[in-house]
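Note that the protein sequences, when read in sequence, are chains P and F. If you count the first sequence from 1, position 318 lands on 318 in this note's numbering, and the numbers rise without skipping. If you count the second sequence from 1, position 2 lands on 1002 in this note's numbering, and the numbers rise without skipping.
Since the hints were derived computationally from the structure, they do not count as laboratory data. Every residue gets a Cβ at the ideal spot worked out from N, C-alpha and C, and that includes glycine. No false leads were slipped in.
Distance condition first, Cα-Cα at most 20 angstroms in a straight line; then the derived EDC-like pairs of lysine to aspartate or glutamate:
hint, chain 1, residue 1, chain 2, residue 2
1, P, K233, F, D1151
2, P, K176, F, E1118
3, P, K187, P, E28
4, F, K1043, P, E100
5, P, K176, F, D1114
6, F, K1125, P, E100
7, P, K176, F, E1113
8, P, K233, F, E1146
9, F, K1279, P, E158
Restraint ranges, calculated between C-beta atoms of paired labels, are given here:
hint, chain 1, residue 1, chain 2, residue 2, range
10, F, M1063, P, E104, 35 to 43 angstroms
11, F, K1125, P, N155, 46 to 54 angstroms
12, P, K187, F, Q1069, 31 to 39 angstroms
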Amino acid sequence: MKMYIRSAASISAQKTFGDVPFLTDAVEYNDTRINAIEPDYRDYIDPKQVRRMSHVIKMGVAAAKECLKHAGIEMPGGIITGTAYGCLEDTITFLTRMIELEEEMLPPTAFIQSTHNTVAAQIALMLQCHQYNNTFVHKGVSFESALLDAMMLLNEQEADNILVGGIDEMTDVSFKILTRLGLYKRKPISNLSLFQTQSNGTIGGEGAAFFLLTDKSSANNLAELTGIKTFYKPKQQQDIEGNINDFLADNSLTIQDIDLIITGRNGDVKNDAVYNNLNNSLFKECSIANYKHLCGEYPTSIAFALWLASNMVKQGIVPDIVAEDVIKNQSPKKILIYNHYQNNYHSLMLISAC
Amino acid sequence: MSSSVYIAGVGVISAIGNNVAENLAAFELEKPGMAEITLIDTKLHGQVPVAEVKLNNEELAAMAGFSGQNSRTTLLSLIAAREALNDASIPDLSSLRSGFVSANTVGGMDKSEDFFIEFANDNNKGKLRYVFDHECGCMTETVADELGLTDYMATISTACSSSANAIFYGVRLIKNNILDVVVAGGADSLTKFTLNGFNTLMILDKERCKPFDENREGLNLGEGAGYIVLVSDKVAKTLIKSPYCKLSGYNNSNDAYHQTASSPDGTGSYMAMTGALAKSGLQPSDIDYINLHGTGTPNNDSAEGTAVKRLFEPDYPPMSSTKSFTGHTLGASGGVEAVFSVLAIKYGLIYPNLRFKTQMNELPFAPETRFLKDQRIKNVLSNSFGFGGNCTSLIFSAT
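Hey, can you work out the whole structure from these sequences and the hints?
The following block contains the structure:
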């Protein structure tokens, strides 16, 4: 069975949403946190509902609807989301009010919208979609599990046109806590020079990217999602290389067959050491692209990378802003995405031109 | 693709017992787990009963043999998952592809609440050790590490149907030849956050809940964890003791009606039950017992009951809500009730629906109120429905 990406839509800190040129005009920020550029949600959601919805719900629902619009599909055969943090804004609102109001006279709305499945549920509600509906919430592999679930549904012939999304929001509170936990840089930095200064920490980000998956080939498909694999806590560099080689071999490929590798480099010295080692070994002869300077670091950021890769193979373009060095093949047909999350969760995706 | 998936082990901790044997004993004694709130500092103390696991965090940590200062959710999860894995005693487990698929809805909220009290006054205050593992995925990761189930792990959160979805995702991982063994289910601990959340929705019964009773007034919140060990055909043949049963049917459908309320005719519930029956190749008349979602809220029991009526009329199998014992364990409920469903098949049990007095006017049936032993139970339907319209039904079948 083959799995194809029919369409994709991404809301991110860059101009990626709607009818826009493909990353020709990168947005620069000088901060340790970059926020998504929000569309006019009234184009996608009833204005009365927009007011009640938190940031993550609006991003998710709008990206989902835009993705369906690109594919010309009104009703998906299933809705699956991946979100590590879920609905942080509503969770924090309810928690803060509970403390401040000492458990008295609490309004229920924030609680109702705080469950992790709210985005998938709101999409189902809006579309009146009664089909399969699931939400994965496992740190840096939340979106990967959502994709695997969709892949199994297609393989089981249970559904077609499955809508899969990766969504996470950054709030002031989560940014503060994650900064205190040491995830982000201590001083503002230009996102466009994130990889030039080697220091501790990265820049925080957020976004929503949705994909419509099918097992039917078509000239209109964006890309083929050829394979996906995750592995956990590799003990040493050789284990990482072994896993990448095994993944390629499972797909009857070697590293020489890969036109471009998108890595999860994020500007943090410790995080990037893994990629530096690979650049000196397995990836030595490969063309490399990066993406986290564009969308920031967050647990489901690989969904942004998948949006990027799908558009690159469809359009036959590698935007200058993502190139790490010389790109040998400016019209890549096979792209490997390799991302790791705090060196615990490692993810591989293989995207091919249709 | 079409191979069967068997249940080789079970583990549970709830307000009525810290392991499988204690839970079974409480059913036979008809002893529910609801009582006054003892473990949470809340203004709701004395106003609503809850079904707490009867051990504090230190006692749970000692029982789990765990030194970390983790969320109560993690401790409950580890205890029940380990019981299930030990029960299965799979030969040569380390040579097999094994995974852990666990559900929860609160994550480390019990600890985050402590953090936020200081943090709310000053964003530079609050002990980070209370909040660093807030994410739902942290519970799963810690337990998977402890049990050595790290070839694959996933966390699912679809409100009150979370664990049921975790179980059938685990089944599909085996059917798709990705794993050989999956420990699947879920855990949730009681928190001040959930207590207050459900209180604002005004669906907490001030007395012990009365599922499927005409005069039901709401649910009681509970906590706990329940896991089953799923194994492939091939692994089932190597087991020392024969498997309990198999998971023959499953379906996930969405009610698409309202973020928290069920549609009056129980569209999602009906679709989940019919979908699971179709998957198992069974007829409604083949079902010997229904473990109802049965929260005790006017809305759920009316919607679920209407869907049951539409599907089973005129011959209704025995049915009951074990939430009349354990309270509603939210993200754990699908796992806890999967364990009860498996045990119903193994020992021929039907659990009583406690405190039922008056049949609902709109329904032509009533739940079973007696504890029945030595029944012929071949197929059990277990329902889990949640916020966001997430409806999932599972069918367990004797081998």
